[in-house]
Amino acid sequence: MRTTTKLLLASLTALHLLTGHAQAPARGGTLTIALPTEPAHLNSAIDTTQQVKIVAGKIYNGLVKYDLKMNMQPDLAESWSVAPDGRTITFKLRKGVKWHDGRDFTSADVAFSVMKGFGPNNGLVRTTFANVEAVQTPDAHTAVLVMRQPAAALMAALPVATATILPAHVYDNTDIRRNPANSRPVGTGPFMFSEWRRGDSIVLVRNPNYFEAGKPLLDRIVFRVIPDTQARGAAVESRAVDMVFHSTVAASDARRLGSLPHLALTTDGYHFDSTVSFAEFNTQHPIVGRAEVRRALAYAIDRKFILDNVWMGFGRVATSPVHHGLRQAHTDDVPQYPYDLRKAEQLLDEAGLKRGADGKRFKLTIDFVPFGDQYPKVAQYVRQQFTQIGIDADVRSTDFATWVRRIWTGRDWAINLSALTNASDPSIGIQRAYSSKNIVPGTPFTNGTHFRNADLDQYFEQASVNQDPLVRKRHFAAIQRILATELPVIPLVAIDQFTVFNKRVRNHATLADGVYGGFADVWLAPN
Amino acid sequence: MALLRYVLRRLGQAALVLGIVIVLQFLLLHLAPGDVADVIAGESQASDPAFVAQLRAELGLDRPLPVQLLLHLQRVVTLDWGQAHSMDAPVWQLIAERLPATALLMLSAIGLAVVLGVGLGMAAALRARRWLDGVISVLALLFYATPGFLVGIVMILVFSVQLQWLPMAGMSSLYDDSPAWLRAVDTARHLVLPTLTLGLFYVAIYTRLMRAAMLEVLPMEHVRTARSKGLAPWRVVWHHAGRNALLPIVTMAGLQVSSLLGGSVIVETLFGWPGIGRLAFEAVFKRDVPLVMGVLLLSSVLVLTVSLAVDLLYTRLDPRIRLR
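Protein chains in written order, with the working numbering: chain S, 1 to 527; chain B, 1 to 324.
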């Protein structure tokens, strides 16, 4: 309770700072942001890694953006209209927008980006745009998306982070993955690429011709690569950097940092992140392939303990793989599995898996995604809980490539601890993991549990093409009930990402894109 | 002539060793399951098999392993190290960009270690079993026993967070058109903490080595003779004792080039130093075979070169040693 209150207070302070009350925005200055790893390149149309999106989001634009209440706001598109049958979407584009190299931005850039840019190349949203048949360009400032069938999640996928509009004159008829502009990007955004000191920093400077008059306010943004968690904390504390994004200081240290006089802590700016951590099962496994065993195991895990001790309270106990932040889809009205070891033992007995003479019921292996320091901790906790109910569990630790091979190709696993982003919509983020049509051995982040349920598939299909938000919400509720009953996955924690920032940084989380947005409104208060 | 023949023979041996090392490295990297396509597709959460297949074909990972090995050897011989898979640049360019930073860090760490280690070791030997020797020995033990990451964190907390004297991240803080001297000063300030963190361990080693070597040399007859000739004490210590005592230091410094490369991974990670150690670490984690192979090739060449240089240096320090 005490931590919740503290977090609330911290958030209120942060909110006050974010909205930048009582001070007129100042122009100028250099904002320094810590990056945990260096991006491979800066083309967010072909890559969805955070580091790429955080930098590229300041250089490029999308067609639209979303405010904190998830209302659409103009970005490169001034207005838009969806035909009643949902098969055409018309975007009226902003006039007078220039690329950083001085060329005019036109509808040809939109057509190129959808058909040859992020459309086929962005791993996360390519299925969302797969139904787009063509992009018509009746004039230089109108782009019409024509679709084979409606794509309900498409509008939510249009911000810069997932649907980056690239310059056709730079990319068309080139190998998009090898284009030199991936490292020296030419965008339309508020900041222009200036310099990349490999392994050290990336520097962006103000775009003097940005289409929003008087913006951006900052002179320069410097992204500094600081790979060590402790060092990032020390960097923001010593004012070497102004912001540390995406929970990349130790969660155990975040509140102390946030309470320092010159720093603050916020969980705003991650609306499109919506990550839920979970324990998922190989449904072909002889033991955990049985739903009654999975339900028994769910009772043995105290998710509140994991939230408080591994994620240090940053998040919420999850009851569904759909993040509570996606209000258009989330429901809590699903079967619940409150922590109850006795019940877990009773269900295992009923499933015929009684303790043997040595007190053991069966053996299991636990795998975990090798990113961050949370998952090994969760694995150790789950192992300990399983031991208490007579399961002889073994934790395996590997590198990323081996883990990917084991889960999606080798399939010699039982329980896997990992997390998945819902992105902006379950049709983008969740369908890929549980629809039986997406069982694709050898391909990471497809349906790795090999869970099959005809009803579930049908609800997913309908939700992905239906335009009515209420109908979609009903479909998603049905999906969540099936998942919570059959339990191919035990949701653990819906994670709240956090930012630790210097209080002089104002206005950095005014959009749902948050950290991935353009930062045109961000300014630095004088010290 | 003998020297030339010796160098040529050693170069021949080095080329053979290098060839074996390259093949072994390649096979070792391919022993583990998974490849860079898994990493790229996984990181971008791509759930489309066509995408992964396309990626694998683009990167040449769909070919049989022996073919990949032959292609790799061909590239090594023709000095075309290929494109890094996980970063958008050619391997040689990534290495060339990072090498100066690591070279600067290694040279300053070795410089610190040799100068401070030799100095402290000599001082301790000349004042053996007195209080100064005691203080130096305790310091050396402390430097030796404290792990690098801990030294680094303590340095950051003391000098960057509390005192705010020195920068703690990266190689430079200047992004405008500052004059060259200002940039040099800025880089030097950034270099202090990483150098101390990397170098203090070696200071300890050299101090102990130098002390032991000096204690061995000082009672020798040529030193006594030099003293009895009435030479100035510093000349005796430096020319007659010190030069002999330096042999183990040179051997050690040569051996430590490779371990310094390893140690620089931690220091470069901690201080965000844009060097080759971190590049190698990231490349291994991302299964970026061309990049890993490039860095390993470079470090193999470096180790072989340094060991040859050390052998040649021996003859200068001690004329009694002959090359064969």
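Keep in mind that the hints were calculated from the coordinates and are not lab data. Be aware that one or more of the hints could be misleading.
Unchecked claim - Listed below are the simulated SDA-like cross-link pairs for lysine to any residue, each with C-alpha atoms no more than 25 Å apart in a straight line:
hint : chain 1 : residue 1 : chain 2 : residue 2
1    : S       : K69       : S       : D373
2    : S       : K116      : B       : F51
3    : S       : K215      : B       : D176
4    : S       : K377      : B       : A232
5    : S       : K343      : S       : D333
6    : S       : K116      : B       : L112
7    : S       : K377      : B       : I266
8    : S       : K437      : B       : P49
9    : S       : K437      : B       : L112
10   : S       : K116      : B       : S172
11   : S       : K304      : S       : K343
12   : S       : K215      : B       : D177
13   : S       : K354      : S       : T283
14   : S       : K116      : B       : A57
15   : S       : K116      : B       : E58
16   : S       : K437      : B       : G60
17   : S       : K360      : S       : A251
18   : S       : K437      : B       : W165
19   : S       : K98       : S       : R198
20   : S       : K503      : B       : A57
21   : S       : K116      : B       : D311
22   : S       : K503      : B       : L59
23   : S       : K503      : S       : K304
24   : S       : K377      : B       : T269
25   : S       : K503      : B       : L157
26   : S       : K377      : S       : T88
27   : S       : K503      : B       : W165
28   : S       : K377      : B       : L59
29   : S       : K377      : B       : W165
30   : S       : K377      : S       : D412
31   : S       : K437      : B       : Q54
32   : S       : K503      : B       : P147
33   : S       : K116      : B       : L163
34   : S       : K377      : B       : S173
35   : S       : K116      : B       : P49
36   : S       : K304      : S       : K215
37   : S       : K503      : B       : P49
38   : S       : K503      : B       : Q162
39   : S       : K377      : B       : P147
How the hints compare with the structure:
1. S:K69 - S:D373: Not satisfied, since the Cα-Cα distance of roughly 32 Å exceeds 25 Å.
2. S:K116 - B:F51: Distance ~14 Å between K116 of chain S and F51 of chain B Cα, so the pair holds.
3. S:K215 - B:D176: Satisfied, since the Cα-Cα distance of roughly 21 Å is no more than 25 Å.
4. S:K377 - B:A232: Violated: K377 of chain S and A232 of chain B sit about 65 Å apart, past 25 Å.
5. S:K343 - S:D333: holds (21 Å)
6. S:K116 - B:L112: violated (55 Å)
7. S:K377 - B:I266: holds (23 Å)
8. S:K437 - B:P49: holds (12 Å)
9. S:K437 - B:L112: violated (62 Å)
10. S:K116 - B:S172: violated (39 Å)
11. S:K304 - S:K343: holds (18 Å)
12. S:K215 - B:D177: holds (24 Å)
13. S:K354 - S:T283: Judged against 25 Å, a Cα distance of about 21 Å means the pair holds.
14. S:K116 - B:A57: Answer holds: K116 of chain S to A57 of chain B is near 19 Å, not above 25 Å.
15. S:K116 - B:E58: Distance ~17 Å between K116 of chain S and E58 of chain B Cα, so the pair holds.
16. S:K437 - B:G60: violated (28 Å)
17. S:K360 - S:A251: Violated: K360 of chain S and A251 of chain S sit about 36 Å apart, past 25 Å.
18. S:K437 - B:W165: violated (59 Å)
19. S:K98 - S:R198: violated (28 Å)
20. S:K503 - B:A57: Violated - the C-alpha atoms of A57 of chain B and K503 of chain S are around 48 Å apart, more than 25 Å.
21. S:K116 - B:D311: Violated - the C-alpha atoms of D311 of chain B and K116 of chain S are around 59 Å apart, more than 25 Å.
22. S:K503 - B:L59: Between K503 of chain S and L59 of chain B the Cα gap is close to 45 Å, so the pair fails against 25 Å, i.e. violated.
23. S:K503 - S:K304: violated (31 Å)
24. S:K377 - B:T269: holds (23 Å)
25. S:K503 - B:L157: Distance ~21 Å between K503 of chain S and L157 of chain B Cα, so the pair holds.
26. S:K377 - S:T88: violated (48 Å)
27. S:K503 - B:W165: Given pair K503 of chain S, W165 of chain B holds - Cα atoms ~22 Å apart, limit 25 Å.
28. S:K377 - B:L59: violated (35 Å)
29. S:K377 - B:W165: Roughly 37 Å between the alpha carbons, so the hint for K377 of chain S and W165 of chain B is violated.
30. S:K377 - S:D412: The given pair, whose Cα atoms are some 22 Å apart, holds under the 25 Å limit.
31. S:K437 - B:Q54: Roughly 20 Å separates the two Cα atoms, so the pair holds.
32. S:K503 - B:P147: violated (35 Å)
33. S:K116 - B:L163: violated (53 Å)
34. S:K377 - B:S173: violated (37 Å)
35. S:K116 - B:P49: Answer holds: K116 of chain S to P49 of chain B is near 18 Å, not above 25 Å.
36. S:K304 - S:K215: Violated. K304 of chain S to K215 of chain S sits at ~44 Å, over the 25 Å cutoff.
37. S:K503 - B:P49: violated (45 Å)
38. S:K503 - B:Q162: Between K503 of chain S and Q162 of chain B the Cα gap is close to 19 Å, so the pair holds against 25 Å.
39. S:K377 - B:P147: holds (24 Å)
In this structure, the earlier hints numbered 1, 4, 6, 9, 10, 16, 17, 18, 19, 20, 21, 22, 23, 26, 28, 29, 32, 33, 34, 36 and 37 are contradicted, and the remaining ones agree with it.
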